[in-house]
Every structure is written in structure tokens, then in C-alpha cells.
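Model the placement of chains B, C and D with the ligands on the given structure of chain A, informed by the hints.
Residue-level listing of the chains:
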Amino acid sequence: MFKDIFRKPKYVTIQSVPAPRRIPTDSVVEAPVRKELPDGLWVKCPKCGEVLFNKDLEENLKVCNKCEYHFRISSRERLAMIADQGSFEEWDSDILTSDPLDFPGYQEKITEAQEKAGMPEGALTGKATIEGIPVVLAFNEANFMMGSMGSVVGEKFTRALEKAIELRLPVIIFSTSGGARMQEGILSLYQMAKTSAALNKLASEGLLYISVLLDPTFGGVTASYASLGDINIAEPGALIGFTGPRVIKQTIRQELPPGAQTAEFNQEHGMIDLVVERALMRSVLARLLRYHQEGAKYGSTI
Amino acid sequence: MFKDIFRKPKYVTIQSVPAPRRIPTDSVVEAPVRKELPDGLWVKCPKCGEVLFNKDLEENLKVCNKCEYHFRISSRERLAMIADQGSFEEWDSDILTSDPLDFPGYQEKITEAQEKAGMPEGALTGKATIEGIPVVLAFNEANFMMGSMGSVVGEKFTRALEKAIELRLPVIIFSTSGGARMQEGILSLYQMAKTSAALNKLASEGLLYISVLLDPTFGGVTASYASLGDINIAEPGALIGFTGPRVIKQTIRQELPPGAQTAEFNQEHGMIDLVVERALMRSVLARLLRYHQEGAKYGSTI
Amino acid sequence: MAQLFEFEKPIVELENKIFELRKFAAEKEIDLSQEISKLEQRLVELKKSTYGNLDSWKRVQIARHSERPNFYDYAPLLFEDFIELKGDRLFADDRAIAGGIALFRGTPVTVVAHVKGKDTKENIQRNFGMPHPEGYRKALRLMDQAEKFQRPILTFIDTPGAACDLAAEERGQGEAIARCLQAMAGYTVPIISTVIGEGGSGGALALGVGNIILMLENTFYSVIAPESCASILWKDPARAKEAASALRFTAQDLLQLGVADDLVKEPLGGAHKNIAQTAEELSQVIAKYLVRLKGELPEALKNKRYEKLKKIGAFSG
Amino acid sequence: MAQLFEFEKPIVELENKIFELRKFAAEKEIDLSQEISKLEQRLVELKKSTYGNLDSWKRVQIARHSERPNFYDYAPLLFEDFIELKGDRLFADDRAIAGGIALFRGTPVTVVAHVKGKDTKENIQRNFGMPHPEGYRKALRLMDQAEKFQRPILTFIDTPGAACDLAAEERGQGEAIARCLQAMAGYTVPIISTVIGEGGSGGALALGVGNIILMLENTFYSVIAPESCASILWKDPARAKEAASALRFTAQDLLQLGVADDLVKEPLGGAHKNIAQTAEELSQVIAKYLVRLKGELPEALKNKRYEKLKKIGAFSG
Ligand SMILES: [Zn+2]
Ligand SMILES: [Zn+2]
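Chains as they are written, first to last, in my numbering: chain A, 1 to 302; chain B, 1 to 302; chain C, 1 to 317; chain D, 1 to 317.
Just so you know, these hints were derived from the structure itself, not from any lab. Each hint should be verified, as a subset may be incorrect.
Pair by pair, the computed Cβ-Cβ distance ranges are [stated by the list, open to error]:
(1) B:Gln254 - A:Val51: 49 to 59 Å
(2) D:Gln256 - B:Ala279: 48 to 58 Å
(3) B:Pro258 - D:Pro298: 48 to 58 Å
(4) C:Lys304 - B:Ser87: 36 to 46 Å
(5) D:Gly106 - A:Lys66: 38 to 48 Å
(6) A:Cys48 - C:Ala238: 32 to 42 Å
(7) C:Lys304 - D:Gln256: 40 to 50 Å
This structure is a prediction, so every number in the text was calculated from the model and none was measured. The C-beta atom is built at its ideal place from N, Cα and C for all residues, glycine as well.
Just chain A, same shape as in the assembly:
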């Protein structure tokens, strides 16, 4: 009893979060997702222009070793960087898109996206461990129609949240999305409400939700699950907002100042708890999970 509390600190350092990186220029958001890593041996950093060898880049977790620009990566790549190897159990991979509005060109877009992303839809969900701690993970897939949220993404995320409640596990969602998916109309819009409602249920069960916001996160995803973390984490330089800079310019002719909508801007404006570089993400998540494990609650250490 109370043993823990009398244990002397043996290792006293503030493991502080890395300092915010330099703010990327607006041009970063314009870089199409696919340009990042062509098939060649090398790639040019879209931020600093440095020529980087693919092999080095991969070893550096796809972060530019000169300017620390965080290249966009796929949900599978992200999963590999975060979860314990071999621990991931995928859920609901068989939920497939229908075309409820019979929307012009949607079927073709889906087929294209499937080829491009190598996935049936733009969401990846399941259970895994991080440094041994079990957790429910959900990812947007940027290569699938810009990570947009339609019925399948909303449904898979909602099911994952309900499963987390059932298993009493914390949840981490990795967001990267242009917002709600136009082609499913109002059904897409209401996925925002659906996922937020599921998060409300998770919260009322006292379970932890960490939202990780990745480059880029906009629209209906920012206006739903991505903003609702008990803890909101972003990667350095990630662009995060409700309305994209181009739409703001077109709509009200307002030019955003340099650095607007970056992770750092959002943190200054109170929306982001932590800006964490890719190399530290796994260990920061593990620490946070550990402090929220049921056994870590003060009541249970007595």
C-alpha cells in the first residue's frame, strides 16, 4: 500500500516535447499526396528542395533530414511506425462502398482510389498494442480520395469506437482528410454526427481518446472526431483547419498569413496539446496510454 508513492524519483528530467519546427510555406499544402515518393532512387523535399535518397528517407521515417519536413505517408506505413510489430488485428475490412446517390463518376473514382491506395476504402481500423499496451487504432487513408469521409469511413470508425467500449480500451484516431465526401451527400455529412456521437459514448465510459492530426486535416473531419481528443496531438507543420486556404481566398478574398493553419498555429490558438515529431510519436503515445491505464488511476494504486 502506497508503495509507489514513496518510491524516490530515480530519473529526473523533463522529457519535454520537441520544439516546434520552422513553419512550412503554404505551398506545402498544394503538394499532391502522390508526388512525395516517386519510384526513382531519390526525391526532392517539397519544403527545402534538398535531394533525398529514398533509402535514407525511409530510414528517417520519411522526414527530411535537412528541414524536418514530414512527408505524407500511408495509413499502413503509419501503423507500422506506431504499433508493436505483428500486434495489429484489423476489423471490418469487408465493409464496402455503395453509391447511394447514384452520383456522377463516383464508381470510377472509387475504383481509382482503391488502386491508388491498395485498400478497399479510406479507413483502417483495428486493435493493436503500443509498447505492450492494448489500444484501438483508426486511420484515415490520404491516398483514398484525399482521406474523405463517406459512409464506410464513418461506419468503420463508429464500430471501432463501440468495440473499444466493449473491450474497455483507449482509442487513437489518426486523421488526415479533406473532409466529408461530397459524393455521398447528406449521408457523408451525418458521419460527422455519427462519429462524434460514438466519441461521446466513449467519453461517458471514461475511456481515453487521443486524436492525432496529420497533414492535411480539414473540413468535416476537423469539425468532428479530429478535434474531440482528450488530448490532441499534431505532427510538426501539419496543416489543420476547417476551411482550406484556397476556399477562404475564393469565398471572401482573404489571404491567410504565412504559417496560418499549421500545427504550430493551431497550438498557439489553443487547439493542439502537443506537437510531436514523427520519431517520438510512438513513445509519446505509449507514455500517455500508460498514464491512463486503469491500473494507473490513483484509486487502484491504494
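Structure of chains B, C and D with the ligands alone, referenced to chain A:
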């Protein structure tokens, strides 16, 4: 069953709240409380300079009939304007100030204040009805050391809140105060926490609390019960803030713009639900009380 | 002079013709009653054919009509009393959203509504009905209050969308909307959300997590404005009409898609032709559902709202 | 060079004298050990008499010392780990308040603290430790989170007071502080509030609604700054020293008045003379009370905190 809901609206008007008055100049806050109504037959309006006959002014609820400046009035006068005649039952009138810090000159100040205000301390609490609806009322007394809050004010308000819980009654507090009372040091400061804690208890019991903010309300009172209403109401032109304009000027050499810290300014900045002129206050309070009576809850009309 | 749509012009022309014919007949003391009666017959049919089966784009135009009644037009007709409560207690009072306590057929309710302006000056004050984060936070505060005092919540949706400017981004537009969605999902009081004009995207949805979702006949509720959709799809905002149809966002579409629960009849030609009549219809439909919901226990209201949301979506497998 | 108070100068002079005597003895190879030993004896006594019974004004000076350790100095010594979490999710991240999750002797706790800067540049960033409303709203958010996850809350008070400027007034400084007071009163987790420097008025109290209130030996916690009090009482801010004594606001006073529950020993001369030692004392006292509180049930923690607050005040009748 459901009878009420099928009743046709018979009287369809928006009984909208009166439009915000012209904003008084800063000089208003400087007007000492006592200057308002000298013993003579007439008084000069401190805002517009109009000469007003005391009798007319009294009949107009001490509101200038030219510029609608709301003169400061005592807690007893306020009570008479708000509660049903003869309905008030005063509580805790026997709690008296002690001088816990043995503070220089405090005893004399208290004696002076008692004479000036005609009350033993700067708080008036009790039970009354407004248009027949029972309610707990609490008032700061501006004539008692600027309405400052020491142990007695905090204790009387806290007891009134606890009594409201016991009786399951709504509460209206009429605030006007310079803040926590210096002469009781830390004990005064903690009256802020004490009254806020009692309000937390009231809220968790699902009981209504209406805060009425009067000219002037500042410091520790703004930073505790006065800001915590389910509904915050202010009189037109009332000055409300945390730090007074003179202290701001002295401390950081910042001159507040004209109209800053008025009721209307506070409403624009989201802090005040309603700005209600004195003549309408009683009826607005009655309507709000009525809509929050236990019988008015939808569950109980079924 | 009322704003007139292209498709309404034949009606007005016919009305004018009948008027002139009457005048002529009276002046010349000729009996043209048979002729006039024929024309009146045609007018009724023309109105029916014009308004009776409006396409999506026409509904968009009516929903956005400059004289389309807004919340403040309906409030005195719907409620015996409405006390407007202002402010988010954090930053500002946003006039693109109004809210407060109202008395609806004898029952106190909390009301929250988008408000577009009626003229340029008012539209600037109300940012064309496009709320900033403080508007959503005011809504949240008032709805939390409704939950505390167990009052039903009525929301009225009428916005082109949430404000899209630097200020909105700085103050967390996404967060503010998300909080509304999350909170509404958790309330144990009845919520009825009614689209009374435009239902523009996330900015509309923030007030749209009702147990019951109602739509006036000539409204739309969409994930994206038809002009923006056309821009993205065909790089041509002028093809908004096509987008309007592709998006299936009219009241009738949403009823079919299972998102809207019921429609509220408007007078022929749209709500602006007869506000009192529209308000009367609206009042009756709201009353009907409010009575139904008032029969439910608090937890059931929350659970059924959740189940309703969970069912929205189309997929296979 | 460390900031030196007037009342410390005799000590430093004596220290210098001893140093020179030693040097002289060594150089000249003379035995002055008896002389030196006498002086050292005197030094010990001088230190005791100087620091052992500091008056209120001297404690104010020590509490405001330019090298007074701040929260960031203690954090790495108190906690095995500290993850700082930023922002109020509404408007901004206020650097006058820091907060986050820390590991205290193996137990996750939520930590919230005022932070003054160490130099002019940092002081401008941190507004001299005077929080704006967004600072208190960040504190509130983090404390709500602690309640949700049933983590104890440790607050560290060190502020001249809340920010007093137009921006603070516009964003509801009063409301922000009041919400903290109200919320803290309602939590069911243990709260330990420690004054580590200045406890300035409402801006300090906003983090001060603890089950246990601790004060470092050389701190003060007051309803008003002594200078302002002197201004009001005697129209003379220079009489702050008198006011400091009249206000009875030192740690020792508050212990007597029943507001502080316990004091934390500082090294002779103040916390800045030995931060590690101060942190060690602080850690032990916090641990002692945290263990006690962890034995209480959640509802009891809330009720006892309320009862504690209710007892504060002096009156007759
Ligand atoms: Zn680079
Ligand atoms: Zn006047």
C-alpha cells in the same frame, strides 16, 4: 395529458428585451455612491446633467427620464422594486463582523458603514415571492464599504444558497461590489471560493440561479458569484469588470476605450444574457422564474 | 417589389393579363367572365405545374429567396413568448445565431437558430447567417442549459455554412462545431431540428443532431454548396444546377434517404408568400413530434437519437 | 550575481571577512583558527537571527526574488516525467499558466501552475505570470480531464495576480476565474494547492481551491498586493511594508488563520539558495498529503473540500 401543448398561442408577440441604452461616459464610474440623491428637492443627473426632482425620480424608479441613467439604489430599495410587497422574510440578520486581522481602522470603518447604510453589514438575504413565485434573494449593499465582500457577506450568501437547496427554490443574487474586502485579508479572498462552491452545489441540484449585475460590479465579486448565473442580467450602463479602469491605467498605463466595461460592452463580449432596464426587471425575472418552475419542466406536464 | 424567379414569370404574366382583362371589362362594361374564368383556370394549373413539382435548383432558389422568412419572422408566430439570451460567456455574442427560452404551446423550450439578415446592413451584422465559433459556443451553452433544466430543444437551421475566414480558423471553427455534435448526441431532452432555409454543410449540421429532423418543403440540406460541388466536379460553378440534382439534397430527397423524418408544407410558391400559414404548419408539425418525444424517458431519448445516427449511411457488407 | 537584499548584506560582509582571514592565514602561515572559528560561530547566529524570523515584508521580497525558483525549476525535480499539454481549445495557449500530466512518485497526476518568466523576454511571453482568461480556461480544461480520469490534481500558485488589461476584460477575466473556483469545488479527486511564490489575489485563488493548501515558508497569499493596499489605506504605496504586516498574508499567518494546512521548509535565505533541497521538502510534504487523500472516497473528497471552504471566515453570531 398534452393539453398544454395543444393550446393555441393566443398572444403572439416577441416581448423582446429593451434595446441597449446609449453608453455612459467613463465619468459615471467615478461618481461616488452618495452623490446620487442629496437630501434636497432636486438632483442633477450625473450622466446628462438634467435637473431632476426627487419626487419624479423616485416615481421613475430612480432612472433619469431624459437619458435613462440608472441611479444607484440601496438593497432595500431594490428589494421593494423586485419582491411582492410584504413577502420578504429576512435571514441571518444577526451575523456580525469581527476583526480577525486586527486591521488598522477597520472597526471605525464598519461603524461608519453601518451608519451610512443603516444595516449591520453589506449583505441582505432572505426569501420572498415575485409575482407569487417563491425565490431566494440576496443583495450586496453598495453603501456598506462599496459593497465589498468580507466573511459576513460570504457567509450570508452561502447560507442563503444552502437554504435554497433545502427549500428547493431558485436564487437571484443582485451584485454590486468593489470586490473582496481588503480588511479581512485572505478570509475575504476565500469567500469567493466559498460562494462559488455553494453555487456549484446549487447547480448540481438542478436549481436555477439568476445573477443580476448592477453598477458597479468588480473584482472578486465579478470573479465569483456574479459571473456564474445560469442567466446573467445587467442593468443598462452598469459598469462590470474584473479590474477597474483606474487600476488598469495605473498598472499598465492602458486607457480603456469609451464604453468599455459597460453592461452593453459585456454583452457584446458574450458575458451578459440580457440587459434589462429597471422598470422591466421584475417582470423579466418573474417570466424566467416561471419557465423554470418545477411544474414547467416538460417531464411534469405529461 | 418581391424578388421574382425566371420560372415564376409566366405566372405573373398571366396574373397581369387577367387583371387587365378585368379592368377592361369593367371600363367597357363588357361581359368577359367566361374568358376570365378560363384564364383563371389556366392560372391555377400553371401554378400547380410550376410549383407543384419544383426541381432541386428551383428549391435552392426559393430557400435562398431574399424574402425567405428567417427565425425572427417565425418566432412571434410560433411562441407565446421568447426571451433571447446572448453570448457564449467566452468571447462574444455572435448574431449569426440566436437563442433563448421560448414558450411553445405552454411548454418552455430552449430555442437555437441560425439567422440570416434581411438587408445588407443586417447581413453584415449577422455575417450572412454564417456563424463564427462563438456562435456555436453560445448554442452549446444554451443547449447545456436546456439539458440542466430538462427543457426540450428546438433548433432552426438556416445558413449557407459556417464562417470561413481567418478569425474562424483562429478561434477553432472545427472544434466549436464538433463540440455541438458531441454534446447534442449526449442530451437526454427531446431535440427537434428543423431546416427552414438553407442547410449548408457542417455549419448547419452543428444544430442538426435532433431526435427528429424536419424540413420545410422548399429547403435543402447539403454536404456542400451546389456551386462548390460544380466547381470541383466540372471546374464550372455555372453547372450548379446539375450539381443540385446530383447531390440529392432537397427536403424530398432527405426524406427518401431516411435523414429527414417529416416535411412541413409551404404555401404554393414558397414560405415567403404567406409567413403566417407557414408558421402555422410548422407549429403543428413540431407540436406533433414534441408530444411524441415527451412520452419518452430521458435515457431513451438519448439512446434512440444515437441509434438514429448510427443507421445513417449506406454501404455493403 | 544573485540579487541581494539590504537585510542580507551583514551576512555577506561577514562571509567575506572570514574568507579574507582564511586567505591571509594561509598566505602568512599564521594560525588564526580560533579567530576564524569565532567568526563562523557569529555567522551561524547572524544567519539564524536574520533568516530565522523574517518579517512579512522580507518574506515578500524573498517570494518575489528574481531567482525565485518557478514551476519549471521544480518540475524535473518533483516528477519522473512531465508531459505539458497546451491550450484552452477556445482561443489560445496562455504561457502564464502551464499544465499537463506528470508522474509523481509513480502516480499519474494532473499539474497546473502559474509560471513567471526568468528574464524580461520570458516575462513578456508569460505576462509576468499574470494569466489571461485563456490561461484559466486551459487550467479548467486540464482539471476537468483529471476529474474524468480520476487523477489527483496538483496546483502550484505563483502570480502577482490575474492579467489586468483590456484584453482580459474583453474575454471575461471574472468569468474565467469564477469557473475555476466553481469547478474545483465540485471535483471528486484529491486537490493539493501549493503556493510556491506570490499568491496574488483572485488570480492566485483560481488555482487555490484545494483539499489541502500548502505554502512554502517564504511565500505570501493575499487578497491585495501590499503596495495597492497601502495606496488605498494611506494614499502612499511606499508604506507597503506596513500593509504587508497588516494584511497577515505570510505562510505563517495563513497557517494561524486556518487557511493553509501546512508549510514547506525552505533553505535558510529562501528557496533560491538550494532548489534541489526545496524540491525534496516539497515532494515529501505533497506525498504525505496525497497519501492521506488517496484514502478518501471520491464523494468524501468533494464534501470535505466544501466543508473546509465553508469554515473559512470570521464573524460573530
Ligand atoms: Zn527538407
Ligand atoms: Zn440623465
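TODO: List, from low to high, the hint numbers that the structure doesn't satisfy.
DONE: When the structure is compared with the hints, only number 7 turns out to be violated.
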